[in-house]
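Engineer: Mind docking chain B on chain A? Use the hints.
Protein chains: 2
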Amino acid sequence: MKNLLCAAAVVGGLMTALPAAAQFAKAEDAIKYRKSAFNVMAVHFGRIGAMVQGKVPFDPKVAAADADIALITARLPYTAFGEGTDKGETRAKPEVWTENDKFKAAALKMQEEMGKLNAAAKSGNLDTIKAAFGPVGQACKQCHDNFRKDH
Amino acid sequence: MKNLLCAAAVVGGLMTALPAAAQFAKAEDAIKYRKSAFNVMAVHFGRIGAMVQGKVPFDPKVAAADADIALITARLPYTAFGEGTDKGETRAKPEVWTENDKFKAAALKMQEEMGKLNAAAKSGNLDTIKAAFGPVGQACKQCHDNFRKDH
Numbered sequence: 001m002k003n004l005l006c007a008a009a010v011v012g013g014l015m016t017a018l019p020a021a022a023q024f025a026k027a028e029d030a031i032k033y034r035k036s037a038f039n040v041m042a043v044h045f046g047r048i049g050a051m052v053q054g055k056v057p058f059d060p061k062v063a064a065a066d067a068d069i070a071l072i073t074a075r076l077p078y079t080a081f082g083e084g085t086d087k088g089e090t091r092a093k094p095e096v097w098t099e100n101d102k103f104k105a106a107a108l109k110m111q112e113e114m115g116k117l118n119a120a121a122k123s124g125n126l127d128t129i130k131a132a133f134g135p136v137g138q139a140c141k142q143c144h145d146n147f148r149k150d151h
Numbered sequence: 001m002k003n004l005l006c007a008a009a010v011v012g013g014l015m016t017a018l019p020a021a022a023q024f025a026k027a028e029d030a031i032k033y034r035k036s037a038f039n040v041m042a043v044h045f046g047r048i049g050a051m052v053q054g055k056v057p058f059d060p061k062v063a064a065a066d067a068d069i070a071l072i073t074a075r076l077p078y079t080a081f082g083e084g085t086d087k088g089e090t091r092a093k094p095e096v097w098t099e100n101d102k103f104k105a106a107a108l109k110m111q112e113e114m115g116k117l118n119a120a121a122k123s124g125n126l127d128t129i130k131a132a133f134g135p136v137g138q139a140c141k142q143c144h145d146n147f148r149k150d151h
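Protein sequence lines correspond, in order, to chains A and B.
Residue numbers 1 to 151, in the working numbering, belong to the letters of the first sequence in order.
Residue numbers 1 to 151, in the working numbering, belong to the letters of the second sequence in order.
Honestly, I wouldn't trust all of these hints.
All copies of an identical chain are treated as equivalent in the list; a pair is satisfied when it fits inside any one copy or across any two copies.
To be verified - Below, computed lysine-lysine pairings styled on DSS-like, alpha-carbon distance capped at 27 Å:
(1) LYS93 with LYS35
(2) LYS149 with LYS104
(3) LYS61 with LYS116
(4) LYS104 with LYS61
(5) LYS26 with LYS61
(6) LYS55 with LYS26
(7) LYS26 with LYS130
(8) LYS122 with LYS87
It is worth saying that the hints were derived from the structure and are not from the lab.
Isolated chain A, as found in the complex (with noise of 0.2 Å):
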């Protein structure tokens, strides 16, 4: 997966969001579709941290492939938190939208996060991927604590 993705653009054009209103033809379809991408963020992100903790071997190819897809999957559900989509099977508190700045600006703080692990990871280097690799967490932490529920 080397050279699967330019990371340079990548990042460059994490803010640039796709237009969110009515994409989705049903509630519960946004709402899956958010719930997959933070699924296929987080298993991507979670393999970085599985070499950050010494679980796995540290291999820098598989690392840099992971921080691309977990930061290309950062910024899709955002797209898919519409109106209407605060109920369901979904875990989203209702500060999502009553809250929604401040929701936003977490959101893209982890974005921002996810964007400076990925530009570790291009390094190659476990030390740099570690020293990046905590404040994504803190980020995915504070939104979980504040916008969704515990179960």
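Structural biologist: Chain B alone, transformed into the frame defined by chain A:
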């Protein structure tokens, strides 16, 4: 999302899979992951379909961005059909494993057609995209018919 990806690099890297073995701690994690990846792929492929079918106005940039996401996610699910992932919340037929060569060929066919659709999307020409869209849908359907339970 313009320039998010470098399409040639994406297509070139398509067949270089991430290491598939032992990527998931639990079978249910693998199943959730592959369903998530398929879902994200289907959403973005479907958005191109909506333009092809005239249901939404054609926007070349949006189509190209959707094609990038669809292509990237098209290669992810097949890392998650390992041993022991044939049971649980999955519609995968036993043939995924008993006729694994055919399954892999069907997956590859879909990825190839998705690569062609990606190239077509980069042209910005709706007729070119239309011509490349159908074969992807056929590849999806053929794999579903042979390897996915109806319900």
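Engineer: A separate judgement is required for each hint: does it hold in the structure or not?
Structural biologist: Each hint tested on the structure:
When the C-alpha separation of LYS93 and LYS35 is checked against a cutoff of 27 Å, the pair qualifies both within a copy, at 14 Å, and between copies, at 24 Å. Taking the shortest alpha-carbon separations for LYS149 and LYS104, only the intra-copy value of 17 Å comes in at or below 27 Å, while the best inter-copy value is 39 Å. Within a single copy, LYS61 and LYS116 get their C-alpha atoms as close as 17 Å, and across copies as close as 26 Å, so both meet the 27 Å cut-off. Taking CA atoms no more than 27 Å apart as the test, LYS104 paired with LYS61 passes between copies only; the shortest distance there is 24 Å, against 31 Å inside one copy.
Only between protomers do LYS26 and LYS61 lie at most 27 Å apart by alpha-carbon distance; the minimum there is 24 Å, versus 39 Å within a single protomer. Taking the closest pair of Cα atoms, LYS55 and LYS26 come within 27 Å of each other only across two copies (16 Å); inside a single copy the shortest separation is 41 Å, beyond that limit. Proximity of LYS26 and LYS130 under a CA criterion of 27 Å is satisfied inter-copy only: 25 Å between copies versus 40 Å inside one chain copy. For the homomeric pair LYS122 and LYS87, neither the shortest alpha-carbon distance inside one copy (39 Å) nor that between copies (37 Å) is at most 27 Å.
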